[in-house]
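Heads up: the protein sequence lines correspond to chains A and B, in order.
Position 249 of the first sequence, counted from 1, bears residue number 249 in the UniProt record's numbering, the numbering being contiguous throughout.
Position 168 of the second sequence, counted from 1, bears residue number 168 in the UniProt record's numbering, the numbering being contiguous throughout.
Quick caveat, the hints were computed from the structure, so don't treat them as lab data.
No incorrect hints appear here.
Same chains, same names: a pair is fine if it fits in one copy or spans any two.
When the alpha-carbon atoms are kept at most 30 Å apart in a straight line, the in silico DSS-like pairs for lysine-lysine are as follows:
hint: 1; residue 1: Lys-167; residue 2: Lys-150
hint: 2; residue 1: Lys-167; residue 2: Lys-56
hint: 3; residue 1: Lys-191; residue 2: Lys-240
hint: 4; residue 1: Lys-158; residue 2: Lys-212
hint: 5; residue 1: Lys-225; residue 2: Lys-158
hint: 6; residue 1: Lys-250; residue 2: Lys-225
hint: 7; residue 1: Lys-158; residue 2: Lys-234
Protein chains: 2
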Amino acid sequence: MSTRASKRQKTDSESEPYRLIYWPGLPGRGEHIRLAFEATGTPYVDVSNATSEGVKAVLGQIDTQNQGDERNPPPLAPPVLEHGDLRISQTPNILLYLGGRLGLAPSPDQDLHGYHHVNALTLTVLDGLSNEPHDVHHPVATGLYYEDQKDEALRKAKDYRETRLPKFLDYFNRVLSGPASGGGEYLYGNKLTYADLVLFQALDGVSHAFPKRVANLRETGDYDKVFALYDRVKALEKVKAYLESDRRQKYGMGIYRHYPELDE
Amino acid sequence: MSTRASKRQKTDSESEPYRLIYWPGLPGRGEHIRLAFEATGTPYVDVSNATSEGVKAVLGQIDTQNQGDERNPPPLAPPVLEHGDLRISQTPNILLYLGGRLGLAPSPDQDLHGYHHVNALTLTVLDGLSNEPHDVHHPVATGLYYEDQKDEALRKAKDYRETRLPKFLDYFNRVLSGPASGGGEYLYGNKLTYADLVLFQALDGVSHAFPKRVANLRETGDYDKVFALYDRVKALEKVKAYLESDRRQKYGMGIYRHYPELDE
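Chain A on its own, in the form it takes in the complex (with noise of 0.2 Å):
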C-alpha cells in the first residue's frame, strides 16, 4: 500500500473502532465515557481493561517523552480516546466529540444552543460532582496520602456536604425544571444527553462516597427531579446491563473514596 493511500485510510476515523485508554480496575474519569458506549451499545476497547497492553497503554500516553504526533500533541493525563488517527483528552473533550457521533447530543449543525449547553452542563456536573468530591480527600495534594492531609480533608468534607454538595444539585434541580429541559425528565432538550449520563454517573460516585448525606438530602424533597433523572438513567435498559455486568468496575480509591468520618 502506498504511504498516501495508507494515510488517507488512517485519516478516515469514523469507521475505525473506539479506544478508551484508561487505568485499569477503577471506574474513574474513564467511566464518563464507558457509559457513553454502554448506554448505546457502541462498540468500544477499554484497552487496559480488556486487552494484554494492560497498564502499559496509559503508562505510554502520559509518559514524558512522549511529544505526540503531527495532529495530535501529547496528553497530559487519562482518559484518551483513540479513533483512527485522532487521540484526544480530556473527559469533557471526549464526550464532545462522541455526542454526536453516539445519538448522545445534537451536533453544532442541527442544533447550536443544545450542542453548547450539554457541554456547559457537563463542565458544571464535573465541577461540582467530580473534581470538587476528589478534593475533599486531597485538599492539599493530589501526590500526598489521604492519611497526611486528613484534617483538611475533615474540614473540607464539612463545606462540601453542608454548602457546596447542596448547591450543585439545587442547579441542576432548577435546570430541570426549566423550559429548556423540555420537561424536566432530561436535563436538555427533553432527550437523554451525555449531561444525563455524567449527572448520573457523578451523583452515584458522590453516593458511594458520602452515603449517608445523599440519603439525607434525597429525604428533603429539594432535590425531586435530580433524583428521578438519576433512577431513570439507571433503569435504562443498556445501562442496567452494564452495570450489572462484569465491565463495571468497582469504586475503590479513586476519585469517590468512602472514607465514614467524611461522611455525616
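Please build the complex by placing chain B on the supplied structure of chain A, with the hints as guidance.
The following block gives chain B in isolation, referenced to the frame of chain A:
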C-alpha cells in the same frame, strides 16, 4: 412584527453584538473571553464594566430563581456570553463557541483534530493554572475567608510551587516541543489559537500570585518555550494595546491573589 418573524430574526445570532456578562472590576475567568475579543479586534460589550447594568447583569443571571428560557438553561456562574438568542456559560465552552468565529481555532469542519485539541489544551491550562492556583488560597471552602484557611493554604502552596506548577509548565513545554505545535511558537498548528491566549493569561495570573517562584522557574531554562510563548502573545499589537488600556482590569481578590507568604 409577527411572533414568527420576531423569532426568526432573534435566532440569527451571528449578526448580533457579543455581550460578556462577568463580575466587574477584576480579570477573573472573564478575562479569557475579553482577550479573545481584544486580540482579534472584535467589538463586544463588557456589560458589567461598560454599561449602567453593572453587577446587576451578573446577579440576574445567577439568581437562584432564574430558570433560563426555552433554549438556554440558567448558568450556575459567570462568565456568560450572550449572542443573539444564545446565552452560554463555562469559560472553555464560550471559547469553543468563539474560536472558529473569531479565527482563533479551526472549525470542526476545517480541522477536527485542531478543534478538539485546542479545546483539550484550554481545559488543561484552566485545570492547572487557574483552578489549582485559586484552590491554593481557598483549599477548604470558597465561602470562607483566606485568613480562616491560611494554615491549609500554606501547605497547599508549597505543593503547588514545588510539584504542580512545574508539572504543568513541563507539560506545555513538551506540547510546544512536539510536532503538532508546528514549530513551537504556538501550542497547535503553528498559529495563534485561543489556547495560547488562555495560557498567556493564566501564566500572567500565576506570575502575579507567585512572582518569585515564577521568576525562579523561568531562570532554570527548563520551560523556555512556554515563557517565549508568553512573551510572544504579550507583544502582539492588539494584546499589547489592550493590556495598556484601562479596559484591562487589575488583579485583586479574585483567582490570582498575591499573598507573599504563599510565594517562595
